[in-house]
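*Asks:* If you want the building blocks of each chain, they are given just below.
There are 2 protein chains.
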Amino acid sequence: MHYFKENLKLFEKHLEEYKKKLHLKEPPELYKPESYILSLGGKRVRPLLALMACELFKKQPKLALNSAMCVELFHNFSLIHDDILDAAPLRRNKKTVHEKWNTNIAILSGDVMLVKAFEILQTYSDSEFKKLIFVFSDTAIKVCEGQQMDMNFETRKRVKVEEYIQMITYKTAVLLGCSLQMGAINAGASTGDQKNLYEFGKHIGIAFQLLDDLLDAFADDPQKFGKQVGGDIISNKKTFLLLKAIEISNAKQHHKIKSLLELKIEKAKEKVSGMLEVFNELNVKELCKQEADKHTKLALDYLFKVKADAERKNELQLFAIHLLNRTV
Amino acid sequence: MHYFKENLKLFEKHLEEYKKKLHLKEPPELYKPESYILSLGGKRVRPLLALMACELFKKQPKLALNSAMCVELFHNFSLIHDDILDAAPLRRNKKTVHEKWNTNIAILSGDVMLVKAFEILQTYSDSEFKKLIFVFSDTAIKVCEGQQMDMNFETRKRVKVEEYIQMITYKTAVLLGCSLQMGAINAGASTGDQKNLYEFGKHIGIAFQLLDDLLDAFADDPQKFGKQVGGDIISNKKTFLLLKAIEISNAKQHHKIKSLLELKIEKAKEKVSGMLEVFNELNVKELCKQEADKHTKLALDYLFKVKADAERKNELQLFAIHLLNRTV
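Protein chains in written order, with my numbering: chain U, 33 to 360; chain X, 33 to 360.
One chain only, chain U, in its complex shape (with noise of 0.2 Å):
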């Protein structure tokens, strides 16, 4: 993992020297959520799989520093935007940006590092700034798409698991195949390498979604999780869990699902139980791994597809084995 480590330290620096030019710019109000919210640290998923991509091809990963930062301020955006729309009080154990400041300085602080997403590519050349901008633009628009599918199944009776992993891949995955693909570009590789990254970084973020569903209901020690185990189930979110369990559910059990879902907060705990109980009945914990596995192993095709040194692509499969390799 010495390339992830350096890639880090290298990524980190970068984003010290933005966010000190951040202090200089007017209106505070407009800048002080972006150097908060880029200060709440995470694990830089999105960066490194840029300059890793970008290391690939034998390039200097620093040449995908500015794409690197592009899907880092748009991550940081849509976490401050999603954060409105899910009215969470806290992010990574701090407030988030419209409860320390306000909704407006939220929308509006956002919308000015969407801006910068794209602004800060101009570093490229003609041709690499359009090639970044036309993957970038794509990417972002699925990512909105996903984030209001997601808003609309939870007032939609009925999702298909199918639906569901369409907007995961929107929400979420996409936006890791994109940022392999940014480094791809940067390091002058063919489009089909830099179409193979894409699959692969989209079927890995589809697998840690999956990963993600199943530890939320699952998860063996909630401390190293980070958020409160059974938290999909008490608030019914209609996550692969639920809908594989409607979906294969005979009448009886889907009776006991539906007056589950009716319980209410108060009985928070019951419903944890008794959710827990029908998914094992039916065994969706393990249809859930084996989806994710499926995504998995088709990533590790993509990749392997990819014309690189195997030992370097071996670093990009250790980096997704690590980042997938959470306990369940």
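Heads up, the list lumps identical chains together, so a pair's fine if it works in one copy or across two of them.
Okay, derived cross-link-like pairs now, SDA-like style, lysine to any residue, Cα gap no bigger than 20 Å in a straight line: (1) K163 to N98; (2) K290 to N268; (3) K52 to I173.
Derived by calculation from the structure, the hints in this document are not laboratory data. All values reported here derive from a predicted model rather than from experimental measurement.
Fit chain X to the supplied structure of chain U, relying on the hints for placement.
*Replies:* Showing chain X alone in chain U's frame:
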């Protein structure tokens, strides 16, 4: 005004085609608001400026159609988000997007329009594309900064007239300059001509906003003005008139202004007539007109410097005067 009407037709047709494609897009919750706000009408000032700037250099205006769409998409994105910030129920006598749908949908459909404003420029060549995004992203950032300044002014005790001019420059005027510069880029105009057209549009924009302040207080024909006369006074908006009045008032007048600002909404009529009395006493109507004239003159000086056909420049000048020439 031949070019202006022809160009309006050209743009409206292009917009209709764009809107037709929106109907096919999923999820509809994300794209219906876009179609809705683009259908509310408006003078299409920004797209017209882009087309006219292109034509100024004897190039077909259709070359600038996607630049025109870019600035119109951006303008409408900013309307959707600004209406949330202002909690405005109506826009052009129709429900605002957050009222017709909800705030979440308004945030997200605005976000996607902002991304699409960038995306739509991809029809241009690599080098043109980068030049366009350079001026557009710089402008988009300024518009956000101007909006934040405007919000800050609401709660700030003291705002200088110059700060107000900077705010309207950023919030309103630079987008007019940007529209013209983008059209000039599409025509292959020199950097000097591009910059002069940008400054022309910017100063026309400042003059326009100053005259809008004037009309809000002094419009003879409320029907024609389209907004409630005295609205700014009732809401204590820090316009040029109020800020100038505070700046040049003596102690007694200053005291009167302060008392008027404290009058509650029930005494709106008294507030408006009292404030107009002070404005008249201090002659700020005339001072505001002079300031607008100064910027109109500056604008025309910049237009004069542009190396293009006098007759075609005249078209742009007529269009600018048409914009500014509303009855005060």
